[in-house]
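2 protein chains.
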Amino acid sequence: MKYSHLFGKTIKDIPKDATLKSHQLLYQAGFIRESTAGRYYFLPLGQRVQQKIIKVVKEEMDRAGAQEILVPILHPLDLWKETNRDKADFGLLKIKDRRDMEFVLGGTAEEMLVDLVRKFQISYKDLPFQLYQFASKFRDELRARGGLLRVREFIMKDGYSFHASEDDFKKEYEKMSKTYTKIFERVGLNTFMVGADNGDIGGDYAHEFQVKSNAGEDTIFYVPSKKMYFNKEIAPTMATPFDQKGEEPKPMEDVVGKGIIGVEALAKFLNIPVEKTTKTILFETEKGDVIAAALRGEYDIDEIKLKRIIGCQSLTLIASEKIKELTGAEVGYAGILNLPKEVKVFLDDSMRGRVNFEMGSNKTDVHVINVNFERDLPLPEKFYDFKETRAGDLYPETGEPYEVFRGIEVGNIFQLGYHYSKKMKGATFIDEDGSEKPYYMGCYGIGIGRTLAAVVEVSNDDRGIIWPESIAPFDVHLIIIQNSKVKTQNDNSKVKNFGDEIYEKLQDVGVEVLYDDREVSVGNKFADADLIGIPVRLVVSEKTLQHGSGQAGEKIEFKKRTEKESKLLSFDEILQKIKK
Amino acid sequence: MKYSHLFGKTIKDIPKDATLKSHQLLYQAGFIRESTAGRYYFLPLGQRVQQKIIKVVKEEMDRAGAQEILVPILHPLDLWKETNRDKADFGLLKIKDRRDMEFVLGGTAEEMLVDLVRKFQISYKDLPFQLYQFASKFRDELRARGGLLRVREFIMKDGYSFHASEDDFKKEYEKMSKTYTKIFERVGLNTFMVGADNGDIGGDYAHEFQVKSNAGEDTIFYVPSKKMYFNKEIAPTMATPFDQKGEEPKPMEDVVGKGIIGVEALAKFLNIPVEKTTKTILFETEKGDVIAAALRGEYDIDEIKLKRIIGCQSLTLIASEKIKELTGAEVGYAGILNLPKEVKVFLDDSMRGRVNFEMGSNKTDVHVINVNFERDLPLPEKFYDFKETRAGDLYPETGEPYEVFRGIEVGNIFQLGYHYSKKMKGATFIDEDGSEKPYYMGCYGIGIGRTLAAVVEVSNDDRGIIWPESIAPFDVHLIIIQNSKVKTQNDNSKVKNFGDEIYEKLQDVGVEVLYDDREVSVGNKFADADLIGIPVRLVVSEKTLQHGSGQAGEKIEFKKRTEKESKLLSFDEILQKIKK
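These protein sequence lines map, in sequence, to chains F and D. For the first sequence, our numbering begins at 1 and goes up steadily by one. For the second sequence, our numbering begins at 581 and goes up steadily by one.
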C-alpha cells in the first residue's frame, strides 16, 4: 500500500475528550474515527489490525476444536422472554419491524445459540461441542469512554459450549483458559486470569482475562503468595485489624445527635475513631425478605458479595417510609438493636471482636455508643465478608495484603451451567440411557476492539504506537528520502526507482509493505512511521544507495521500531531479518 | 474436521416453505438454519463457504486498489436526514437508545461514508479512492423468500468510490465491472452485466450482475446481436406491430358501455381486438403536475421509465375525486380527448400508426371508438417508450425480439454522482486550483449470502450440491468404510488407522478435510458426501487397502463430485490431483 494512496493519514491534533493514550494514538495515527460516542469507524489501518487479531483468535479457537458459525444480529425478543432477560436492566436495544415483530440487538447470544442447537436432535454422542462467532455486538451503555475501551458497538468473539455434564464442561474451561492465554500472548498481551462475578448464574467458574494497565476500568486484587487475582467485586477480604486490645466494655448509652448522618460526621461529632462507627443498611430481596447488613463504618457494602451470601438475585434499598415502619426511625438511624424478628441480620467480619462501638438506635436523631456483643447484642453464629474490598485489605486465607492494580478486561470465560438450558424448552440432549437431559453450558468472550486498544495502551512510547509483529497493520514501513537539494533530478529518480523496486520485491515474497512515497520532509516521514508503529522501518536514500552496489547489492537502512540503532543491510539480509 | 464432531449434520426433511433448490439443499446438507423469516444462522459448513466467498471478494477488491474499512451498524438518523433518506419508503429499521439518540440500522452506507470522508481534509491528490467493508445489512422487507435469496439481514460487501470528476469515476466503473466479473467467475458464477435503474440518481452507469437462473426474481431482457442485457424495469422496447395496413378511418362514435372497465372486458364488449383499446392513466408528480399517459391496451405502464421521461421523482395515481374534477367522469373512462390544458399528455410508441382505436371519452360509461390521429387528436411531436417490457417485445435499435430469462442479482455497481456530496455539507475536496468542490461518487455492492445461494442454484444435481473448488467448505471428503461383516475387528481397525493417517497427512500439507469417521452405512456416507458436495471424495476401505502396499503404497479411491467414475490412486497421486 502506498501511503500517498492510503485513506486516513496521520494528524497532529487529538480530540478534546481523548484522555487515554490508545484513543489519542489510534486517532492521530489514522486507525479509527468516532461516528457517535462509543461507535467507531475502523479506517484501513485499524481494520487491518482488527482482522489480524480476529485471525489469531480464529486460529486458536479452531485449534481448540471450536466451530465458527454466524448468528443474526436481530434476536427475536420472544427468545429473550423465555429466559426473562427481556426485562434485564442492562440497556437492551429493542426494535420492531414493520410487521410488528420485536427484536433485540444482540449483546450476547446465549438464547440464540440454545435456539439454534434445539433445532437439532442432539445425543450424548454429539457432545461436547463449542460454537463461536465474530459479530457486531451492541450495549446501550449510559457512558462511553474515549477510544475503543468502553464502546456501544464492537466486534466480539463469543463462544458457547455444550456438555453432557459439569465435569465435561470443566475440561473445556481448562482448555479455554489455556487457549485464551495463548491468544493474548500471540497478540502481545500478558494477561491475568482474574476471578470474577458471574451474575445470576453464580458458581466458581468465572474468570476475566485482564491486562495490567492504568487505563483499565477494573480494580484487580492480587495475592502474591498464591498468584491469584480477583476482581474487586468478589475479592474476599479480611478487615484490617483495629486494635482494641485491653479496652474494657463501658456502659451503653444514647447520644442525641440531631441530623448527623454519615459515619465521618458522626465520628467527629462523637469524638471517636471512624472504625468505631457502624453502617447498617436495610434491603429487600426479590422474594420480599428484609435484610439488615451491618459493617464497620469505614467500609461499604459490596452488593454482589452480599447477594451471593443471601442467595438472592436482587437487593433493593428499602424506601424511607418502610424504614420508619420497620425501625420506628427516619433514615440514617438504623441499627441492629431492637429490630423486628422478621428482619434477617447479616454482620460483616469487620464487626468481629469490636468493643464499645457506635450504632444507629432505630430512634430518630439518636445514636448508641459503647455497644458490646453478648451483653447488648447476641454474638452471631457467623460473620460474613460482604464489604467492598479496598487497597490495604488482607487476603483472608493467608492474611497477606493484596497488591492492587488497574486492569483492562479483554476476555472472559464462565460457566452458564443449566441457567439457559433449564429455562428454554427443548434445550436437551438424549443421554446414553435414552433419557432427555438439559445440557450444561459454558460461555467464552473476547472483545476484539478492546484487545486492540489494550495492545496500544501497553505498547507505545512518546513517539507513537509499537505494534507487535503478529498484528501490525503492515510488516514493513518503507520510506524513500528524495533530496530537495540534490544536484540533478536524476539522483532523486534513482532513489524513487529503487524504492519502487524494493516495494515490489517485498510484496512478491509476501511481505506487507506500507510505502511512504510522498514528497514530504524526512522528518515528517520518520515521525509518521514512529506514530503508526510498524515493527520494521526501511529507508532508501541517496546515502544508502552509495553503500555497496553491483554484486553485493545496494544497501537499505533497517531499523526496528523497538530499537534506536539502524543498520545498513542488503535486500537479502533484510528478508532474513523479517522472516524471523 | 471429523464429521462425527461437526455441528449441523445432514437431514432428510425439508422445511415446508422450501421451494427453491438452494434453500432445500443448504438446509438438508447442514449449511443454514432459519432464525425468523429472512434471518439465517450460518452453520459451520455454511460459514466456511461464506468466508471463502468473502476472501475471494477481498482479494479482488484489494487488487483493484480498494481499501477495507468497517462502519458502525447503527447510523445516526441525523445523517440520513441530511439526504432526506430518513423518510424513504423502503423499510428503514429505526432505533432509539436510552439517551434518546436515534439511529438507522444500516441498509446501505452512503451517508456514513460521506460522514467519514468529510472528517478529513481531502485534496485532489488524495483522489480517487475506494473504501469498502463487509458488514451485516438490514432490509425491512415485507416479504422474505425461502433461503438466502431474499433476506432481511445479510452480509454485504459495499464499496464507495470518491472522484474529482465524472471521467475519473468512469475509469473506476470500468475497473469494477472487470473486478466483479472476475470475482463471480472465481466463485463459479457466470454473470451478465445488466443495465438497471438507478432510482433517484439516474444516469447511465447502473448495472446489475445477474446469474441466469429460474430461481431468480428478476426478468432479464437480452439483445443477442448486441450482447446487451437490460433489467425489465428499463429495457427499451418497441411495441409489437399490430397490422392495420389499408384500414380506412371510420367516423368516430360514442358507445355506451355502462360499468365495463378493463381492456379485456371492453374489447370483448366492443368486439374489437384488445390492440385497438387504449389505456389512459392519470398521475400527479411530486411538483403537482398532472400527467396523462396513454398506451395500447395490452400494455402496462412502467413507472420507472415514465419517471425518467418526465424527469420527476415520484408518480402518484390521481384519486377518483380529482379525476372526476379533471375529466368530468368516474374512474375508468379517462382518455386524452378534451382534457384540460394543464394536463400534460405522454403517448407511448405503441400508439404510433394506429387507426380507428378505442379510447375513454372522459364521460362516465361512455367509450369512443374509431378515434384517429390528426382528425380527432393532434399527432404528438414525439412518442415515448414507457410500457412494461414483455416477452416477445422488440429491441428498438435493431428491431429484433428480446430473449428473456430469469436472473439472480448477485451484485451491482452504479454511479452516485453528486447526489450525496451535494446534499451533505462538507462533502468536498480542494481541487488543484484551490477551489472547494463536491466529489463525484460511485457505489459497488455484492450480496455474500445471495452469491452463495446462487452458486447452489446453478451447481447441483439430484443428489446434492456441487461446490466449485474455490469456495467448497472443504477440499476433500474422506470416508472410511468399516465392514460390519468382517471376520476380525483387526481389519476394521486397519481401515480406521489408515483413514486417520490419511486425514492427518492431508491436513499437514494444508488440505482441508472433512473426515467421515462415523460408524454408519456406506450408503449413508456416500449420500451425505454427495449432498454436501465437496469437490473430491476419497474412500478408504478393506478393498482399497488390498490394492498396492509396500513401496507403492496403499491405494485410496478418488472420485470427483462432478464425475461418475472413481480411480484407485496412491496418496502422492491424490495430492497431485488436488493441487491442480
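Simulated from the structure, these hints should not be mistaken for laboratory data. Careful: at least some of the hints might be erroneous.
[Said to hold, decoys possible] Mimicking DSBU-like on lysine-lysine, the simulated pairs with C-alpha atoms at most 30 Å apart in a straight line are:
hint, chain 1, residue 1, chain 2, residue 2
1, D, K635, F, K2
2, D, K1076, F, K175
3, D, K1076, F, K52
4, D, K676, F, K2
5, D, K676, F, K96
6, D, K751, F, K496
7, D, K596, F, K125
8, F, K12, D, K635
9, F, K58, D, K751
Numbers of unmet hints, in rising order: 3, 4, 8, 9
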